[in-house]
Every structure is written in structure tokens, then in C-alpha cells.
Amino acid sequence: MSAKEMTGAKIILQALKDQGVDVVFGLPGGVTLSLYDEIYKQNELQHILVRHEQAAMHAAEGYARSTGRVGVALVTSGPGATNTITGLVDALMDSIPMVCLTGQVPTQLIGNDAFQEADTTGITRQATKHNYLVTKVEDLSRVLHEAFYVARSGRPGPVLVDLPKDVLNGFGLYTGPSKVEHKTYRPQIKGDMKQIEKAVKMLAAAKRPIIYGGGGIINSGPHASQLLAQLVKLSGAPCTLTLMGLGAFPASDKHYVGMPGMHGHYEANMAMHDCDLMLCVGARFDDRVTGRLSDFSPGSKKIHIDIDPSSINKNIVVDVGIVGDVAHVLEDMIKVWKSSQAKTDEKAIKAWWKTIDGWRARKSLDYKNDKKVIKPQYVIERLNALTKDKDIYVTTDVGQHQMWAAQYMAFEKPNHWMTSGGLGTMGYGLPAAMGAQMAHPKSVVATVTSEGSFVMNLQELATCVQYKMPVKVFLLNNGFLGMVRQWQEMFHGERYAESRLDVHPDFVKLAQSFGIKGLRAKKPDQVDSVILEALETDGPVLVDIAIDPMEKVFPMMPAGAAHNEILFGPDDQISRDVDEDDVVLA
Amino acid sequence: MNDMKNEDIRYHTVSVLVDNEAGVLARVIGLFSGRGYNIASLTVAEVDAKQRLSRITVVTSGTPMVIEQIKAQLGRLVPVHTVIDLTIEGPSVERELALVKVAATGEKRVESLRIADIFRARAVDSTNESFVFEIVGATEKLNAFIRLMEPLGLVDIARTGVAAIARGKAGM
Ligand SMILES: Cc1ncc(C[n+]2csc(CCOP(=O)(O)OP(=O)(O)O)c2C)c(N)n1
Ligand SMILES: [Mg+2]
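Those protein sequences? They're chains A and B, same order as listed.
Numbering (the working numbering) for the first sequence: 573 to 1158.
Numbering (the working numbering) for the second sequence: 31 to 202.
In case anyone wonders, no lab produced these hints; they're calculated from the structure.
Please note that a few of the clues may not be correct.
No farther apart than 35 Å at their CA atoms in a straight line, the calculated lysine-lysine pairs in the DSBU-like style are these [what the hints assert, rightly or not]:
#1 A:Lys762 x B:Lys80
#2 A:Lys944 x A:Lys960
#3 B:Lys101 x A:Lys755
#4 A:Lys886 x A:Lys935
#5 A:Lys708 x A:Lys613
#6 A:Lys886 x B:Lys101
#7 A:Lys1095 x A:Lys947
#8 A:Lys589 x B:Lys80
#9 A:Lys886 x B:Lys199
#10 B:Lys199 x A:Lys762
#11 A:Lys907 x B:Lys101
#12 A:Lys826 x A:Lys947
#13 A:Lys873 x A:Lys770
#14 A:Lys919 x A:Lys873
#15 A:Lys766 x A:Lys926
#16 A:Lys755 x B:Lys199
#17 A:Lys1014 x A:Lys805
#18 A:Lys873 x B:Lys101
#19 A:Lys1014 x A:Lys589
#20 B:Lys101 x A:Lys770
#21 A:Lys589 x A:Lys613
#22 A:Lys985 x A:Lys886
#23 A:Lys926 x A:Lys1124
#24 B:Lys80 x A:Lys576
#25 A:Lys755 x B:Lys80
#26 A:Lys708 x B:Lys80
#27 A:Lys582 x B:Lys80
#28 B:Lys101 x A:Lys766
#29 B:Lys101 x A:Lys708
#30 A:Lys766 x B:Lys199
#31 A:Lys773 x B:Lys101
#32 B:Lys101 x A:Lys762
Full structure from sequences and hints, please.
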């Protein structure tokens, strides 16, 4: 053993530090003990002990999404590794940069059905952007640095590194991150200038343009949001943001027309449908946005900016595809716009806005408030109003509450909104909030959830207490798997099969049993006081809010419908028979 | 771009140069099965031992839009160097090898030898009641040969799948 040689476990810690990692979410087990021993001996890198590996994954996602940095999770072999699958796929679907380190049985036992052995790289091959099994200590530094590079570059995603016990215990040399350059993997960052020039011409010439932005803007970094705002101003176009893109453009800007898609704003969907030019920026024409493909924005030319070539022409054939990083492409578009002195058709744009304002006047998010029963929309409106002057990060679970949060919270900045968009993972909210809170200890981090989702990872309240993470949980309690109930009411003759949550805990007492504050609101006039008390409390708080159990999310473009076939409220009827294939829940 | 809406399903031969690392073939196959793409034939072997490169040749089918997706998805895999669609990128040579076992006596045995001769197939094993023919050529030629052998006592077939390369001096 030469002087510079060290154990695999030490190499891993050094690599994590050199990658700028300050926090790791994990849970130990037999094969990772030597790594935990090294963690124990130092203070620079903080380890957060979660209570379930799935939570480590979502916490790493929340950390990543709220900072733009790579989130890190560390779990043991076998069941530790298999518990990460949902988190891996969640991060894959939503393009979240993450490195997941898994322990593995010693190399000589691999394939022998050893205790807590699982074919982790085999199982996760389709669940990751890339994965590695390290079989020699010599490969360790290179693989780890490469893993971070692959996770954060191009279209970000989860990378898993499987680490056999003997590799952790063996001795080898450490090499720093400077030399990382992957042999084959080279994402395209700059867009093709010819295509960019074409795109600028088309945007300037458009009479009814729309800019349709998504999570790719957020992945590209805060600078991309600033550039987007510039381009919106230059073009005078309305801007709509997907569920994953919320915050990439200020909600208060008059050019913002809300979220498109199934539960999006009427004006956003109508503008998507009637535009003559659609500039898609880092979004992917997801089926929740497009509705029925054959009727999607039938009269428009389409431009698509995406760092992933496979996203272009996947669901929708576009006229101009630009492969590149959003910020780089937008910067070039703005340069070309200015140097070519592009001019918009002011008269046409004015007329277009008049049409849009007509749709806006329909006030598609209006709801009937009530004096006796708490309406969920009202809760979110109040949460938004009472946190306006705060730097608030919001995470959600999945269901009706997620849609209400997306609709009624107004985000001005990127990286402040974390939700499971692509996979729709119930149980995401609380752990994601922990990740965001670790990254932003001084900010307010709130989770909007409902009882079905919350109980899927409620054990993490213990983690919040242990590490003094003052996460505020707002639980919109409707006694149902609400979104399932809504679909059963609308599409299955009000037969509420297995969607009623007849038994659930007393959430106030549950909070108290973890040693945290529990609050309850049963009447609308209690909503403000519980929100304020939660915000003023130092530690974590669980707020149980009894909402109208029969409330539904509107507006709604039923799955498989077109953008101009929208239901505004409970009195609207579905105009056509719903096809079984159309009824796909998240 | 409008031609991409064309619903014509066509066969394409796609040549993929990959790092010969653990699991790379599983990655490619998993991509096809996970996304519901068709594999008509697939061959793989190391082609550069020094740089540890393998070539995977896939014959797949789909509409132009699906073929574009398949190539983009392959290109996205981290260990993939290049993806070349030999069907559209200039002329290429495609070859396949088959071993065809025919059990026959008398007139049929003679006839099988005669046809093998026409197809330039070689008998690489023979007994009193059987031959194993080795035949090399384009997929259609192999198919035709096998069809003709069927009524004569075809017993078994082993095929390699297509290997393909661009014509001319251009490399990858
Ligand atoms: C892990 C998981 N299982 C099942 C689903 C299907 N699903 C979508 S929404 C929903 C209901 C969620 O209920 P709750 O968390 O109470 O939210 P609510 O709709 O009541 O606001 C279900 C079961 C899912 N998205 N994720
Ligand atoms: Mg509920």
C-alpha cells in the first residue's frame, strides 16, 4: 500500500466532497457499514437519516430541484436498493439530476443469491439515465465523477452507482474530478444557428404566437428564466407554463396566461389551440398538456427547443426542432432578434391579446366559496396571500390538492415549486420538502398534501424532528383518494369503489406523537389563523384542514379531449361519451 | 417534415457502435422492449478489441416517425458512440449466414443438392440421410433458399442475423 492509497469508502467521501456535495440522504445496512464509518469520522458532509429509502430519493430530488445541484442518496443492497426504484423513475421522468449510491454484496458473491443481494444494475437499467456496477477500486474515482457529470449534464436524470462491499473496503488511488470527459456522452448545448434564425423569423412574423415553457427552463438555470422573460417582452407573446415549469416566468406578469392542459387555465388552453405559432421551450408535449393529439393546436407552426433530441418529433411533429440547452438557445435567439432588428406585427399582436383577454374574462379559476365548509381553493389562495412576502418553497403530493396548489399558488421565481409531474408519485411531498429545507434552512418550506398521499411517507416526520427541519405540512383532508373519487363521480356513475378512506389517524394527535405541533381547521374562518400559526411556529407543523369532500378540480379538459372542449365547473356536462382509453388517472 | 406523418411501415437496418461494457446489450434490448419497438434481427460482436468497441446491427421496422425516435433514443444511451441508419444513408452491404439442416433420401436428397448449388450454399455436414448447408447472403436470398428446402425435408435452421456496413471508403 503506497502513501496515497486509501480505502474505497474514503475515496467515495472524497469524491462527494470534490463534487461539492454537502448533504446526503440515506439509510445504512450491512454492506455500507465501512462507508458509514467514514461518514462518522468527519463533519463536512452531513448525512440525513431518513426512515425509508424512497424518502431519501425524493429528498434528494427536492434538494436538486430547489438548487439546480445534484441530489445524493445512499442506501444499502437488496431491499435498500429496491426501495429506490420509484424515486429513480420519478427523477427520470422529471429530468432531476441525482446520484444514488447503492451497496452491493462482495463481488465474489454476486450471482449467488447471497443475503440481501439484488441485481441492482439489472433492475434499474430502465429506471436510470445510466448506471454502473463498480468491480474494482481503481475504477471508483472515475466512475463517481462520471456519474455526477452524466446526472447533471444534457437532459439531467438519475444515475445509480452500485458499490460491492469489497470495493468499499479495498485500497486504491483517488483521482480528482478535473479530468472527467466521457468517451461517448456529449450532449449538444448550442443550438443550430440556421434553425435559430428561422425560428426568430417565424416568431416575429406570427400574428397569434404563444410561448409554451416547461421544466427544461428550470433545469437550464435561473438565467434561462431571465432570457425567457426578455424573449416574451420582445415578441409580445403570451407565455404559458406546464406543471413542471411553474415559476420559470413570473405569474404576476401580464403576459402570463397560466398553466395549459387537463386542469389548466381556459385562456392558456384556448391560446394553445388557436395560436398560429407555438414556441415550445423545454417542454415535451405531454399527453396531459396536449389532450387529443389529432386536435392539438391544429392551425399552428411549431418550434421546439429541447436538449434531448428524442423529445423532438416524439408526440407532435414540429416545423423547426432546435437541439440545445434552453439558456444557450434563447440567448442566441435574442441576439439574432436584436441584430436582425426583427419587428412584430403590432396590430395583429394587439388583436390577439384582445381575444386572449376575452378568454381571461371567463375567469376559469373562479369557484363558489362557502361560509360553512372550507373550500380547498380558498385554503391555497390564503396560503399564497399570507406568504407573498416570504421566500416560500412549495412541494405537493399527487391528486386534487396538487392541482389546486398548481392553480392557486402564484410563483414568481424558478426552483420554488416541486411536484411529481411525470410519474405522479403519491408520497413525494414530505420528503421532497425535507430536501428543499436542507438546501434552504432559512426559508419557509410548505407541503400541500392530502391524507391518501401523506400516509405513504408520514414516517419522515421523525426525520424532520431529528434534524430540526421546520417543514409546514398543509393536509387538505377530504376523506377520499380525492382525484380517484372525482373520476368515479364523472366517468363511473358515482360508484366510489375503494376510494373512500374510512379509517385514518387523528392527524393532530399523530403530529403530537412525533413531538411536533398539530393544528386543525374545520371552518373557513379558522383557515387564516392555522396558516399564520404554522408559519410563526419554529419547528415542523402538521395542519389538518377539513375540506369539502365532494369538491372537484376545474377547469377540466377530460383525457383525450381537445383544448376547446373544457368543463368549467360542476354544472357542466361532458358533451360526448367518454372512451375507456381516455380515462387514464395519474 | 410532413412526410414524417406518413404511416408507411418500413424496415431499416441501424448500425450502432457502442462501448463494449457490461450490460450494454441489455440496455439496447431493454430500450426496444420498453418502448414497444420491433426487433427483426439483432447481431452483436466486438469489432475493436483495443478500444473495446462493439457493433450492434439491428433490423427494425416502423413508420418514419418511429424510426426517427428509435435512432434518437439509441443516441441518448450513454455508452453509444454513433447510430447510423444504413437504409437511408447511402448504399450498404447486408449479409446474413444460415445453417440449414435437411433430412432427405433419394430424389429429394438429389434435388436439395441441386438447389444448394444454384444458391452457392455449401454442404458442411453430411450423413446418408441428411445435409447441413451453409448459405451466406442477403436476408431475402436466405428466405428463398429455406422456402425451397421446406418440401424437401427441412429439419432445423440457425441464422446469425444481419451484419451490415456502408459501401465505399467512408467509415464511421
Ligand atoms: C403511488 C401512487 N399510487 C396510486 C396513484 C393513483 N392516484 C392518483 S391521485 C390518487 C388519490 C390521491 O389521494 P389524496 O392523496 O388523498 O389526494 P386528493 O386527491 O384527495 O387531494 C391516486 C390513488 C398514484 N398517483 N400514486
Ligand atoms: Mg384525499
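Each hint, compared with the structure:
1. A:Lys762 x B:Lys80: holds, 32 Å
2. A:Lys944 x A:Lys960: holds, 26 Å
3. B:Lys101 x A:Lys755: holds, 19 Å
4. A:Lys886 x A:Lys935: Between Lys886 (chain A) and Lys935 (chain A) the Cα gap is close to 33 Å, so the pair holds against 35 Å.
5. A:Lys708 x A:Lys613: Between Lys708 (chain A) and Lys613 (chain A) the Cα gap is close to 24 Å, so the pair holds against 35 Å.
6. A:Lys886 x B:Lys101: holds, 12 Å
7. A:Lys1095 x A:Lys947: holds, 10 Å
8. A:Lys589 x B:Lys80: Given pair Lys589 (chain A), Lys80 (chain B) holds - Cα atoms ~34 Å apart, limit 35 Å.
9. A:Lys886 x B:Lys199: holds, 34 Å
10. B:Lys199 x A:Lys762: holds, 31 Å
11. A:Lys907 x B:Lys101: Judged against 35 Å, a Cα distance of about 32 Å means the pair holds.
12. A:Lys826 x A:Lys947: Between Lys826 (chain A) and Lys947 (chain A) the Cα gap is close to 27 Å, so the pair holds against 35 Å.
13. A:Lys873 x A:Lys770: holds, 12 Å
14. A:Lys919 x A:Lys873: Since the Cα atoms of Lys919 (chain A) and Lys873 (chain A) sit roughly 20 Å apart, the hinted pair holds (cutoff 35 Å).
15. A:Lys766 x A:Lys926: Cα-Cα ~33 Å, so holds.
16. A:Lys755 x B:Lys199: holds, 25 Å
17. A:Lys1014 x A:Lys805: Since the Cα atoms of Lys1014 (chain A) and Lys805 (chain A) sit roughly 33 Å apart, the hinted pair holds (cutoff 35 Å).
18. A:Lys873 x B:Lys101: Cα-Cα ~25 Å, so holds.
19. A:Lys1014 x A:Lys589: Cα-Cα ~23 Å, so holds.
20. B:Lys101 x A:Lys770: holds, 25 Å
21. A:Lys589 x A:Lys613: holds, 14 Å
22. A:Lys985 x A:Lys886: Satisfied, since the Cα-Cα distance of roughly 29 Å is no more than 35 Å.
23. A:Lys926 x A:Lys1124: Answer holds: Lys926 (chain A) to Lys1124 (chain A) is near 30 Å, not above 35 Å.
24. B:Lys80 x A:Lys576: holds, 29 Å
25. A:Lys755 x B:Lys80: holds, 14 Å
26. A:Lys708 x B:Lys80: holds, 20 Å
27. A:Lys582 x B:Lys80: holds, 32 Å
28. B:Lys101 x A:Lys766: With Cα atoms ~23 Å apart, Lys101 (chain B) and Lys766 (chain A) stay inside 35 Å; holds.
29. B:Lys101 x A:Lys708: Cα-Cα ~33 Å, so holds.
30. A:Lys766 x B:Lys199: holds, 30 Å
31. A:Lys773 x B:Lys101: Given that 35 Å is the threshold and the Cα spacing comes to 30 Å, the pair holds.
32. B:Lys101 x A:Lys762: holds, 21 Å
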